[in-house]
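Protein chains in written order, with the working numbering: chain A, 1 to 259; chain B, 260 to 518.
It should be emphasised that the hints constitute simulated quantities derived from the structure, not laboratory data.
Since the structure is predicted, the reported quantities are computational estimates derived from the model, not experimental observations.
Glycine included, each C-beta is placed from N, C-alpha and C at the ideal position.
Worth double-checking, as some hints may not be accurate.
Stated by the list, open to error - Derived DEER-like restraints, expressed as beta-carbon distance ranges:
1) 414(B) / 243(A): 52 to 58 angstroms
2) 246(A) / 496(B): 39 to 45 angstroms
3) 423(B) / 201(A): 45 to 51 angstroms
4) 487(B) / 167(A): 51 to 57 angstroms
5) 7(A) / 486(B): 42 to 48 angstroms
Number of protein chains: 2
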Amino acid sequence: MGGQAARSPEFVQSLERGLAVIRAFDAEHPQLTLSDVARRTGLTRAAARRFLLTLVELGYVHTDGRLFSLRARILALGYAYLSGLGLPEIAQPHMEALVAQVHESCSVSVLDGDEVVYVARVPTKRIMTVGISVGTRFPAYATSMGRVLLAAQPADRLADYLATARLQQLTRRTVTDPAKLRAILTKIAAQGYAIVDQELEEGLRSLAAPVHGAHGAVVAAVNLSAHASRGSFELIRRELLPPLLATARRIEEDLRGPS
Amino acid sequence: MGGQAARSPEFVQSLERGLAVIRAFDAEHPQLTLSDVARRTGLTRAAARRFLLTLVELGYVHTDGRLFSLRARILALGYAYLSGLGLPEIAQPHMEALVAQVHESCSVSVLDGDEVVYVARVPTKRIMTVGISVGTRFPAYATSMGRVLLAAQPADRLADYLATARLQQLTRRTVTDPAKLRAILTKIAAQGYAIVDQELEEGLRSLAAPVHGAHGAVVAAVNLSAHASRGSFELIRRELLPPLLATARRIEEDLRGPS
Numbered sequence: 001m002g003g004q005a006a007r008s009p010e011f012v013q014s015l016e017r018g019l020a021v022i023r024a025f026d027a028e029h030p031q032l033t034l035s036d037v038a039r040r041t042g043l044t045r046a047a048a049r050r051f052l053l054t055l056v057e058l059g060y061v062h063t064d065g066r067l068f069s070l071r072a073r074i075l076a077l078g079y080a081y082l083s084g085l086g087l088p089e090i091a092q093p094h095m096e097a098l099v100a101q102v103h104e105s106c107s108v109s110v111l112d113g114d115e116v117v118y119v120a121r122v123p124t125k126r127i128m129t130v131g132i133s134v135g136t137r138f139p140a141y142a143t144s145m146g147r148v149l150l151a152a153q154p155a156d157r158l159a160d161y162l163a164t165a166r167l168q169q170l171t172r173r174t175v176t177d178p179a180k181l182r183a184i185l186t187k188i189a190a191q192g193y194a195i196v197d198q199e200l201e202e203g204l205r206s207l208a209a210p211v212h213g214a215h216g217a218v219v220a221a222v223n224l225s226a227h228a229s230r231g232s233f234e235l236i237r238r239e240l241l242p243p244l245l246a247t248a249r250r251i252e253e254d255l256r257g258p259s
Numbered sequence: 260m261g262g263q264a265a266r267s268p269e270f271v272q273s274l275e276r277g278l279a280v281i282r283a284f285d286a287e288h289p290q291l292t293l294s295d296v297a298r299r300t301g302l303t304r305a306a307a308r309r310f311l312l313t314l315v316e317l318g319y320v321h322t323d324g325r326l327f328s329l330r331a332r333i334l335a336l337g338y339a340y341l342s343g344l345g346l347p348e349i350a351q352p353h354m355e356a357l358v359a360q361v362h363e364s365c366s367v368s369v370l371d372g373d374e375v376v377y378v379a380r381v382p383t384k385r386i387m388t389v390g391i392s393v394g395t396r397f398p399a400y401a402t403s404m405g406r407v408l409l410a411a412q413p414a415d416r417l418a419d420y421l422a423t424a425r426l427q428q429l430t431r432r433t434v435t436d437p438a439k440l441r442a443i444l445t446k447i448a449a450q451g452y453a454i455v456d457q458e459l460e461e462g463l464r465s466l467a468a469p470v471h472g473a474h475g476a477v478v479a480a481v482n483l484s485a486h487a488s489r490g491s492f493e494l495i496r497r498e499l500l501p502p503l504l505a506t507a508r509r510i511e512e513d514l515r516g517p518s
């Protein structure tokens with residue numbers, strides 16, 4: 001999970017810096033000047049310029065001479081991962097059936113370091129939708145999918161996580177005490193699902209179940225999220241948990257393939 | 260649009276090679292050995308090893324010591340582009356409404372070099388779904404969205420494309436004659452939509468409309484695809500074209516923002 005280790009002698013620093021330049025762009029900063037990129041990456045202007053011009057030559061970045069922005073080619077990098085994973089394609093029809101049944105948004109995510117990363121999402125048809133898409137990241141400790149995935153970690157990795165993760169008070173309900181979080185994760189591992197009540201964002205409840213791969217290990221989590229206005233915590237558990245668990249089982253059956 | 264130009268003296272070759280290592284992985288090759296990566300990138304084994312180990316240290320690649328595979332962190336690279344684009348989020352609810360109305364899959368794509376890249380997709384709820392997701396690429400000339408996007412290119416870029424693109428016979432119907440393709444694109448520019456009848460794949464018809472951004476330029480294309488079993492070319496045009504054009508207009512209105 002986190003931690004900046006010493007770099008091996010074979011480490012290619014130019015690659016690290018080039019990838020940092022790509023990651024300098026985000027939803028709030030889709031267009032950056034050379035100075036912006038230098039400041040956001042900690043590179044000198046001369047170095048930032050070399051990496052930006054290289055990315056322009058390779059077709060990953062567009063520039064009008066002053067402003068730089070990412071181009072669609074950049075999607076090819078992440079697409080290799082998503083298409084190789086297979087999971088989103090297998091999960092999608094089951095997620096769609098679940099959303100049609102319960103009218104709440106369904107997502108599948110995997111753990112990346114201390115965060116969950118969405119790899120598939122089926123939003124419900126509401127006027128107000130949350131701005132979550134494939135690639136969105138949230139801190140694992142405050143989300144139902146993150147807790148399901150943390151609960152499935154080997155003991156040593158979990159201990160390392162609890163010792164090092166920064167548990168921030170995101171809402172007044174967020175659990176930030178490592179000992180309390182460990183107790184919650186133990187319970188989740190035993191019961192096979194997690195429910196999180198407004199710990200990531202006020203008004204947002206979600207429940208998640210683990211998805212086991214063909215070899216039995218937890219490979220992902222699947223969730224449903226619901227606005228608090230849908231009803232009480234207990235009502236959500238009663239209405240949404242059984243179909244969610246059934247969906248997780250169907251995805252697992254497809255992952256195992258024809259027997 | 261394609262073409263390998265001479266590299267500038269400031270070009271960072273290590274970054275190009277590192278990105279090539281990432282792109283060596285794909286749906287058919289989600290796990291690669293060091294030798295595989297060297298062969299697929301044209302790098303020496305020693306160089307491939309340095310880049311792979313760097314990507315492992317940075318958390319983008321996983322290895323068991325022998326096999327290498329991409330990790331979820333790689334999505335962060337493409338996510339910056341998608342979230343900065345704004346378009347998928349704006350288009351999604353309109354695409355969902357269209358799919359609910361016509362029961363065919365809807366996609367939005369942009370042009371990247373000679374290919375279209377999917378940036379949003381709402382599949383229809385069918386048992387058989389096509390394995391297309393965000394990041395999927397197709398050659399522009401054989402797809403309805405590609406033709407809409409090509410038809411909106413400045414004359415010099417279009418001439419360059421027609422002079423250099425490799426127009427391959429993907430089905431027995433694919434138009435591969437540049438002069439004929441140019442005539443088709445002229446017609447598309449005039450009529451404001453494209454219909455492609457089984458030129459990318461036998462049995463697959465699709466129609467696409469341009470999406471104009473706030474400043475009037477074509478920023479994307481939106482399409483519907485339908486299996487040939489749905490009915491004749493004319494039936495598809497009559498049933499699907501009006502709702503598709505209406506959807507494109509609604510997306511454009513939202514892109515312009517409150518007036």
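Handout entry: C-beta pair residue 487(B), residue 167(A): status relative to the range 51 to 57 angstroms that was hinted
Key = holds (55 angstroms)
Handout entry: Distance restraint hint 52 to 58 angstroms, applied to the beta-carbon atoms of residue 414(B) and residue 243(A)
Key = At roughly 55 angstroms between Cβ atoms, residue 243(A) and residue 414(B) fall inside 52 to 58 angstroms, so the hint holds.
Problem - Distance restraint hint 45 to 51 angstroms, applied to the beta-carbon atoms of residue 423(B) and residue 201(A) - result: holds (50 angstroms)
Practice task
Mind checking the hinted window 39 to 45 angstroms against the Cβ distance between residue 246(A) and residue 496(B)?
Solution key: holds (41 angstroms)
Problem - Outcome for the supplied range 42 to 48 angstroms, where the beta carbon pair is residue 7(A) and residue 486(B) - result: violated (52 angstroms)
In summary, the one numbered hint that this structure violates is 5.
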